[in-house]
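Asks: As a plain string of letters, each chain reads:
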Amino acid sequence: MSLFELKFGKKKLKEEERQLQANNRDFNLQFEYANNSIKTSKYNFFTFLPLNLFEQFQRIANAYFLFLLILQLIPQISSLAWFTTVVPLVLVLAVSGVKDAIDDFNRHKSDKHVNNRPVQVLINGMLKEQKWMNVQVGDIIKLENNNFVTADLLLLSSSEPHSLTYIETAELDGETNLKVKQALTVTAELGEDLQKLTEFNGEVRCEAPNNKLDKFTGTLTLRGEKYALDNEKMLLRGCTIRNTEWCFGLVIYAGPDTKLMQNSGKTTFKRTSIDRLMNVLVLVIFAFLGLMCLILAIGNGIWEHDKGYYFQVYLPWAEGVNSASYSGFLMFWSYVIILNTVVPISLYVSVEIIRLGNSFYIDWDRKMYYPLNDTPAQARTTTLNEELGQIKYIFSDKTGTLTQNIMCFNKCSINGKSYGDVYDMSGQRVEINENTEKVDFSYNPLADPKFAFYDHSLVEAVKLNDVPTHRFFRLLSLCHTVMPEEKKEGSLVYQAQSPDEGALVTAARNFGFVFRARTPETITVVEMGETKVYKLLAILDFNNVRKRMSVIVQSPEGDLTLYCKGADTILYELLNSSCESLKEETTEHLNEFAGEGLRTLVVAYKNLEKDYFQDWIRRHHEASTALEGREEKLSELYEEIEKDLMLLGATAIEDKLQDGVPQTIETLAKANIKIWVLTGDKQETAVNIGYSCNLLNDDMEDVFIIDGSTSDDVLNELRNARKKMKPDSFLDSDEINIQFEKSSKKPKIIPDEQANGVYGLVITGHSLAYALEGNLELELVRTACMCKVVICCRVTPLQKAQVVELVKKYKKAVTLAIGDGANDVSMIKTAHIGVGISGQEGMQAVLSSDFSFAQFRYLQRLLLVHGRWSYIRMCKFLKYFFYKNFAFTLVHFWYGFFSGFSAQTVYDEWFITLYNLVYTSLPVLGMSLFDQDVDDRWSMLFPQLYVPGQQNLYFNKVVFVKCMLQGIYSSLILFFIPYGAMYNTMRSDGKAIADYQSFALMAQTCLLIVVSVQIGLDTSYWTVVNQFFIWGSLSVYFAITFTMYSDGMYLIFTASFPFVGTARNTLSQPNVWLAIFLSITLCVLPVVGFRFLKTQLKPTPSDKVLLKIKEAKKRPPPPSPKRRLRRTSTRRSGYAFSHQHGFGALIMSGRNMRPKSPFATTGTFSPNSDKYKHKGLAVQPQPFRCFDSSAEAGLVHRIPAWQMVWAQLVEGLPAFGGSGDPCLCGVSAVVRVKKTASSSLCVEENHEESPLYGWGAAGRHSLQHGSLIPEPARGQAGFALDYRWLCMLYSSCCSHAIAAALGFQLR
Amino acid sequence: MKNKTNFPSQEEEARPSRCPDNSAFKQQRLPAWKPQLNIVTVLSSFFLTGAFCLTVGVCLILSANSVREIQIDYSDKCSDCSKFRENSSNWNKECHCSVNFTLKEDILGDVFMYYGLQNFYQNHRRYMISRSDAQLLGRNVNIQRSYCAPFTTYKNGTPIAPCGAIANSMFNDTIDLFYNRNSSVVQVPLLKTGNSWWTDKNVKFRNPESYNLSSAFAGTARPPYWQKPVYLLDEGDERNTGYVNDDFIIWMRVSAFATFRNLYRRVRRIRHFADGLPAGNYTFRISYNFPVSKFKGRKHVILSTVVWSGGSNPFLGIAYVVSGTAATLAGFVITAIHLKLRKKKTYFQRQ
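So the protein lines, in turn, are chains A and B.
Position 1072, counted from 1, in the first sequence is what our numbering calls 1224; the numbers after and before it change by one each time, with no gaps.
Position 230, counted from 1, in the second sequence is what our numbering calls 233; the numbers after and before it change by one each time, with no gaps.
For the record, the hints were derived by calculation from the structure and aren't laboratory data.
Predicted model, so just to flag it, every value in this text is computed and none were measured.
Among the hints, erroneous ones may be present.
Incomplete in silico selection of chain B near chain A, CB under 7 Å [said to hold, decoys possible]:
#1 N25
#2 K29
#3 L33
#4 F115
#5 D136
#6 L140
#7 T202
#8 S258
#9 A259
#10 N265
#11 W311
#12 N316
#13 A322
Glycine included, each C-beta is placed from N, C-alpha and C at the ideal position.
Whole structure, please, built from the sequences with the hints as guidance.
Replies: Here it is, written out as structure tokens:
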């Protein structure tokens, strides 16, 4: 993209104003506007090789090897055969090149896919199907329902009345509710008349392409008249047309100029901290290399002066060399070549391969696959894996990330009676789960099948014609601004402005008060099967101050009623005094609802007198036509009539959290990860969600709320908060303060500060704007980072990015941003790691993310399992890699002192070539792809294991120096043991042994075995592959050695393989093997001892945890009872509406009404309806997990019984059955088994929360409802539970007994 | 339950699920052996290694001590010759010197005779590459393109056979051993073949093919420091002359270090010497051709027997004993630390 923009920007100087004429390609072509094709690929067939090579040689290591290659071409310097450098370099370039090529090929493919989408373009009076990329500025195109908008269009006309067009902007800004656009009247007249459209020659002048999504200014000149254009008339690329049969649009911006593309921003290349460290280390190594070469060059100068000069009898100096110092100079470069392996060329390639492998594991993880919308996790960036193991700050979006953005009518209070809870026979409240029986709404043919309610008493009340209950639901079915849509008789779909409203109307629908149709004047409701048409007289619309809405309707009987719903705080003021006692009861219920984190509304009604209303409506009409002070007059009128209301009850809507969010947050907090929630929502909503997902809780010392409206206020609030958390931090003696005083200007890293308790911080977007200003930044960071939880509400997308940037700037920490909508894109791109929630409708977040998966709860697996493993693997890899290359290379250094500093290598040149590529690459790759210190379950159970990664303990400069020292030690052993063993001695058959070739073979064999043993020591998880790689590499070494040193090879390639016979003659000698054994012992044994003593004497916290795990495996503690995530109910009311102004005016004006019969089919609806079906499914949380029962069965047989049970309790794993039917088994009780492609099973499981309890409930429930008791599951692995076992489990109250029983059965 | 019956819809059934495969590999559940460092493995590795090293070390020292070796530095003793050789005009004149020594005891078994050089940098890179393996294989390849410089050709273009610095600097002293037995001097019979690797003799070195050797080398010239051409290296033995001459082959197998010894001759075990060298007085008679004084080199002649572990070098033995001792001691230290820690731990646990 950036390349394209660059090119584009150069070609055309900055566009000031855009000018175009409809249907006039020739005219528009002169401006050279971009056409609608997009290009994200980098190369084409011809430019690939030069461009890619150029890019690759920008890497310091690759450039270095090129430099070496050039050095090797100079005969005086060349100390190694050319192939020692060329072969690795070519291999490395080829591997990276292939990877780049594949990446670019995929980009080409996706570009092509987008560019080749068809669209109908008006050409010469005909609609022709064209590809997207051929669309040009000034074209008129026709879009149909559910089409993606092709480019940024000016809406000309549409099928709907008043040329309204509904669009969904999920991809653009993440909002899923519908938006309305309306065309100019003058263009709306064009309709669908192709003739008129062809003749349309309006000229548009507008601003140059920019990235402001909500702003557009321009003018349309048509037949000499000018019309103003604004954003309301624009359809932007990325939107989807909804509920509109067709519409026509004029292309204003195309391709890269569209707001979507302009907004996608530059994709910055993210690098991990290990990458940066690696670059530093490579430089350090270069310096070290230079030093070594310098020492050796000086040595050579001295040697040539002292000895070489005299040795010229037998070895004259090379041509052109006439002094010792010159010889030393040449030797410097020769040694640069020889010691080049200390800068590991294959390092980068290996690192890439490891990251790629670990990314694949993420893609493959069935525990991060979400079967409901068939979404596996995806590692979109394959270069950031180990960073996942170092996250310290998580920035999370709320809507769609923590919550499902689905509102459920959960509970209600009607006339002092609370509904919604389920009680068992003994009067105990029952936790609602999958198996709780739902209320049967089959009596109501219009009911929404996806709606779930569990309390049967409410249905009873409705059926018994309880008056308040009826009135309650009547209110819900009347008082709203929802639009119904009934494509097919009986299949109602509601289009609600806010999901809360939709939920309420749907609830009323299911309980028998079906809102079916509306016109500007009427509302049609099917009340308990009887169709009634209410006259809609007024909508007293919602706004942010009123926090309520009312409708005034006239029933068929002629009664005038005002129905009102709104926030409790507001409505309570407006109630009639007769409701006092009801008010108290309702308040109690409200508190209870709020305590559960539900969003509440109070509903009330009032019967109106005809005369009064006539008067009022007249005044209302006057006010609404008034020219001055219309708003005030109207609100006065509203207040006048919304008074003395009769309380009906309250509703409670659950803003459904995604599954497992509180548990995930708890686990992540244990891993010392700080979570910041950044949301565009209101403060109350955000805080409410904060409580319900366990971010905030009442155990906290305090939750600070920063809501200042001036810079000083904010500063004071922040300071007060900090004062409370850590009074010391204001003293001059505080370390950080001292630091600041020392150097006042440049931004520096602020170390972590410890607060004197657990605190939370809530800051509003308004205050945040001040806090993010220069002088308050530091204050904000210091205060916020001391809190365990930070919630920022009402923040803009830009602020989200700023907050992330702030933490990145002042904290030496790795940040992760997770979100689902387009408003999270900036934050996702800014953070070190961006995670997108996929499977939702908007794709923007996912497209710009580095990792994506469907559910927030997978984050803990991503970090604690994949991230941690990747980090550990990468660190182990780097440690070993540096070690092995140091041990390998430094032997040459020592040999220099014995060979006249002549740049003679110790090893055979082939060995040097193959050492990194063949002999040692696979074992270390094997380790870095398979190693695990503890398995995933323990990783999740002990989140503390994550902490070393955050502190970067496993690989840093100190560790590097240790590797280096170990390498130096090994190289000393590897040189001097063979040296000593060969010095002035002979073989057992009397022949000389100390020839160069024998020595080389001995040294390289020692080295190879030593590094192989070392990798064996480092590998803590020996899979078959590791065994194969390690033993294989050793055997390959011997095989290759014997082959290369064979007669045949020598006779064919005489010059290349001069070591003929060395292997046979040397490796048959006992003292050679004794020397090899001694080297291994001396290299490895100290390491063993040192490692063991370190864990004994100075165990790190993670060592202790590992020890604990080891002990836990041996003798298990009984599973600790899981703490219930329940909080005390402090009152937190949330008015469940978006903060936008309502749709009321639009409805009353009738502009959005269709003059058609409600059941007429309009437009095609196929993909859409699917989507809704799909959406509906998601109403019920149905967490799924996939596993192969046979594999799990294998596991089961190995682990002790208690552990099986525990594992089940923790993970909820078991579930078996034949395919198809639901069946009952184990903890998860009811499962649906779905055959997947691989014929493994995807099994649904129930909540992880309180599994033991859930189990009991499940079992009991199943027993109560005999229909659920399955036939014994069909023999899968032989540990399905049958009826008897369930009975036993149910009757047993002791978990140990259950465990034992289950275990026994399992075995 | 009801709400679930619409799942999975038929469309989803038709589309292949994207659910990842459930293979142990993809789910990272490959069965594995998980070795861990614990006190048992650590201590056993230390003690076992220690014991093994000590045993081997003692064996090595004992066997190395049983080796009989006599080393005589003759660069001082033949200082006249060495001075004589410093004058390069004397290159084709002979110079002899004798060195006497006495064996107090018999040397039993096979006795090997080595020449040793000190300070001779055969491992210098430029020296080491200065050869043409193809030429030594008897092939007519262009040695101009080999690394033989500056000993590739003479100024007149005649190629040098064998070319290169290694061949040119071949050790060409002749050393004979005489046994002074009851005032009669007996020359100790020495074997000059069979001293090199079989592969070198039969694979790596071959004479060019021709009806006779001198014609095979026609058109080439001897290396500048040589006194006779390559085909006359051992005039008596057709199979030991030219490139396949044992002395030449051994010299061409360059040493890894500047101090080295090469096998020169083996005592032929016949007559008086059937059991080895009997005690008595011996004389080395040396034809001194190889100048080393210029670069402060030294020359030795060595007589030695061998055992299973090679020569008399005690290094490996000592190293093994030291390592064995260190490993054992470390084992004890670790045991001590472990016991102490365990005590502390149980102490804390009791509290």
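Asks: Hint by hint, note whether the structure agrees.
Replies: Hint check results:
1. N25: holds, 4 Å
2. K29: holds, 4 Å
3. L33: At 4 Å from the nearest chain A Cβ, L33/B passes the 7 Å test, so the hint holds.
4. F115: holds, 4 Å
5. D136: Because about 5 Å separates D136/B from the closest Cβ in chain A, which is inside the 7 Å limit, the hint holds.
6. L140: Holds - the Cβ of L140/B comes within 7 Å of chain A, reaching about 6 Å at its closest.
7. T202: holds, 3 Å
8. S258: Since chain A brings a Cβ to about 6 Å from S258/B, closer than 7 Å, the hint holds.
9. A259: holds, 4 Å
10. N265: holds, 5 Å
11. W311: Interface hint status for W311/B: holds (5 Å vs cutoff 7 Å).
12. N316: With a closest approach of 4 Å, the N316/B hint holds.
13. A322: Since chain A brings a Cβ to about 6 Å from A322/B, closer than 7 Å, the hint holds.
Hint compliance for this structure: no hint is broken.
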